[in-house]
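Starting from the given sequences, assemble the full structure and let the hints guide the process.
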Amino acid sequence: MSRAKIPYVPPEERAFPDLDSGKYLVMWQGPNHPGITGNMSLRLVIEGDSVVDCETHVGYLHRGFEKLMERRLWMQNFPLVCRIAVPEPDFNEYCYAAALEELAGIEIPEKAVWLRTLSLEMIRLASFLMWIGGQAGAFGHGTIAQWSVTMRDYVLDLFEELSGGRIYHMYIIPGGVRADVPPGFLRHVLETMTVVEQNLKDIELVMFHNAVMKMRAVGLGYIPRDWVERYGITGPNARAAGVRRDLRKDRGYLAYPRLSFEPVVGTESDAFERARLRLAEMFQAIDLIRQIVDALPAEGAFRERLPNPLHWRIPAGETYVSAECTRGEYGFYVVSDGGDKPRRVAVRGPSYTHAVSVMERLVRGVNIADVAGLMVSLHTYPPEIER
Amino acid sequence: MRELAEKLAGRYGAREWRDQRRDLSSVTVDAQRMRDVLTWLRDEEGYVHLAFATAVDEIERKAFRLTYAVHNHGTGHGLLVHCEIDRERPVMESIHRLWGQAWTYQREMKEWYGIDFPGSPRVDEEFVLEGWEGPPMMRRDFDSLAYSDATYAERPGRETRDPAAYMKEKLYPEADA
Numbered sequence: 308m309s310r311a312k313i314p315y316v317p318p319e320e321r322a323f324p325d326l327d328s329g330k331y332l333v334m335w336q337g338p339n340h341p342g343i344t345g346n347m348s349l350r351l352v353i354e355g356d357s358v359v360d361c362e363t364h365v366g367y368l369h370r371g372f373e374k375l376m377e378r379r380l381w382m383q384n385f386p387l388v389c390r391i392a393v394p395e396p397d398f399n400e401y402c403y404a405a406a407l408e409e410l411a412g413i414e415i416p417e418k419a420v421w422l423r424t425l426s427l428e429m430i431r432l433a434s435f436l437m438w439i440g441g442q443a444g445a446f447g448h449g450t451i452a453q454w455s456v457t458m459r460d461y462v463l464d465l466f467e468e469l470s471g472g473r474i475y476h477m478y479i480i481p482g483g484v485r486a487d488v489p490p491g492f493l494r495h496v497l498e499t500m501t502v503v504e505q506n507l508k509d510i511e512l513v514m515f516h517n518a519v520m521k522m523r524a525v526g527l528g529y530i531p532r533d534w535v536e537r538y539g540i541t542g543p544n545a546r547a548a549g550v551r552r553d554l555r556k557d558r559g560y561l562a563y564p565r566l567s568f569e570p571v572v573g574t575e576s577d578a579f580e581r582a583r584l585r586l587a588e589m590f591q592a593i594d595l596i597r598q599i600v601d602a603l604p605a606e607g608a609f610r611e612r613l614p615n616p617l618h619w620r621i622p623a624g625e626t627y628v629s630a631e632c633t634r635g636e637y638g639f640y641v642v643s644d645g646g647d648k649p650r651r652v653a654v655r656g657p658s659y660t661h662a663v664s665v666m667e668r669l670v671r672g673v674n675i676a677d678v679a680g681l682m683v684s685l686h687t688y689p690p691e692i693e694r
Numbered sequence: 170m171r172e173l174a175e176k177l178a179g180r181y182g183a184r185e186w187r188d189q190r191r192d193l194s195s196v197t198v199d200a201q202r203m204r205d206v207l208t209w210l211r212d213e214e215g216y217v218h219l220a221f222a223t224a225v226d227e228i229e230r231k232a233f234r235l236t237y238a239v240h241n242h243g244t245g246h247g248l249l250v251h252c253e254i255d256r257e258r259p260v261m262e263s264i265h266r267l268w269g270q271a272w273t274y275q276r277e278m279k280e281w282y283g284i285d286f287p288g289s290p291r292v293d294e295e296f297v298l299e300g301w302e303g304p305p306m307m308r309r310d311f312d313s314l315a316y317s318d319a320t321y322a323e324r325p326g327r328e329t330r331d332p333a334a335y336m337k338e339k340l341y342p343e344a345d346a
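Line by line, the protein sequences are chains A and B. FYI, in the numbering used here the residues of the first sequence are 308 to 694. FYI, in the numbering used here the residues of the second sequence are 170 to 346.
Incorrect hints may have been included.
Said to hold, decoys possible - Heads up, simulated DSBU-like pairs for lysine-lysine below, C-alpha to C-alpha not over 35 Å straight-line:
id, chain 1, residue 1, chain 2, residue 2
1, A, Lys374, B, Lys339
2, A, Lys418, B, Lys337
3, A, Lys648, B, Lys231
4, B, Lys337, A, Lys521
Keep in mind that the hints were calculated from the coordinates and are not lab data.
Okay, here's the thing in structure tokens:
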């Protein structure tokens, strides 16, 4: 039985209310609003305190990445790609590097496989820690945001130790990774995981056994199961609807086939279920990081030697490489014409569908006070739409 | 995947099938048959997931190459379905009734490449380029650097370097010119 507390509206049916009737109010939420994820606007049409229509407006952070990349050498694009998604730049680095390696026929060393997997799981945890603060804050629990952002900072400390950068790491490069782990790093990782895990248990107690959270999030933003294919929904938003899909399992890239884990799947498909599922994936990320630390080869090369990047020409061809980021399927479509610059790079971010097509429909009938909570529950990130 | 390639060739005249990886192939069809091909792939062959749709400007051939990336969750196989349309009069059939998010990709292609998708919802509305008056910015004959130089004034006190030359000078001074 559906837990939706708003009536189901068929996706194609849009209200188009008569704005001259005096019954409605048009209100913009964003681009500067504490309940908006990133720089994005929702044009809401309100009747009473309920939303009857919504349009998502993006473009406030359009930086022309895809155009810029066509003008720059393959290697020069590295400082660009990570900036497409601030909370988790490493997925951009991985997808771009893996696409180049595939087109150029480069095999990366075993140690680089494990270090890339470690980097991706660490940033998954950091990104979820940022998200859970936003989700709790949208439902009135500001303290949790302070805890989780502190924990995220501890993970960023690890990135600083590993790569020299806290936000943008540029750690995953074609041929492998930029550096080996520094002395003592793996011990620091395990110590940090212990601290973060304990804090997550506290967050679970405070947030998920909380009457206010349950009253506001249960039934909010229910995604019917058949929307998953209809709208191309991926990641936790799809898994919370009962769809057992996770690219780490399904595609089996990097070291994931050698790690022990099962995709977390939900049943209820509302904001509460999505939050609960992401919390479970945070614990899962900690477990995966521990497994990777145990399995990481002590010796061996961490990158292949590449041709001179100033004269590096990638053979003509095309590919699409995707990875499971915190929000779902993240991918790079790369086309080479055999030259020293990309012919075309297109970024596929999961927010493209979650924040536009899905958000516009889910928000109808929702109380304006819950719009922010609903939006964060979809874990959208506008810059990956705008690129 | 050979069986799928043969079916596509027999039913829709698909050509240039290429296996990029074990789980990724590409194929080219005529633009007029694209919607039929995608409908058949979705309804009969299990390619229910539209990952993305985008265009590549093949300016030398005076064409746009459109790419629709679909995925079959059951087999784990992805397919890049291509077609080419005339660059001078770029019009393509809309697939917004096949997938609920397709209209957004079409709106993007209209704004970025000037490709029209008649009937696609809000296809003429601005997407990410609010107030943009230049030509479609992703076309290869649009020079973003020249546009920027002509449109915006340099802030005094800044030194501008060519990124490629600067990288060579700083990082690889020994590299050949």
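Now for the hints, and whether the structure bears them out:
1. A/Lys374 with B/Lys339: holds (25 Å)
2. A/Lys418 with B/Lys337: At roughly 29 Å apart (the allowed maximum being 35 Å), B/Lys337 and A/Lys418 satisfy the hint.
3. A/Lys648 with B/Lys231: Status holds; Cα separation ~20 Å.
4. B/Lys337 with A/Lys521: Distance ~58 Å between B/Lys337 and A/Lys521 Cα, so the pair is violated.
Checked against the numbered hints above, the structure violates only hint 4.
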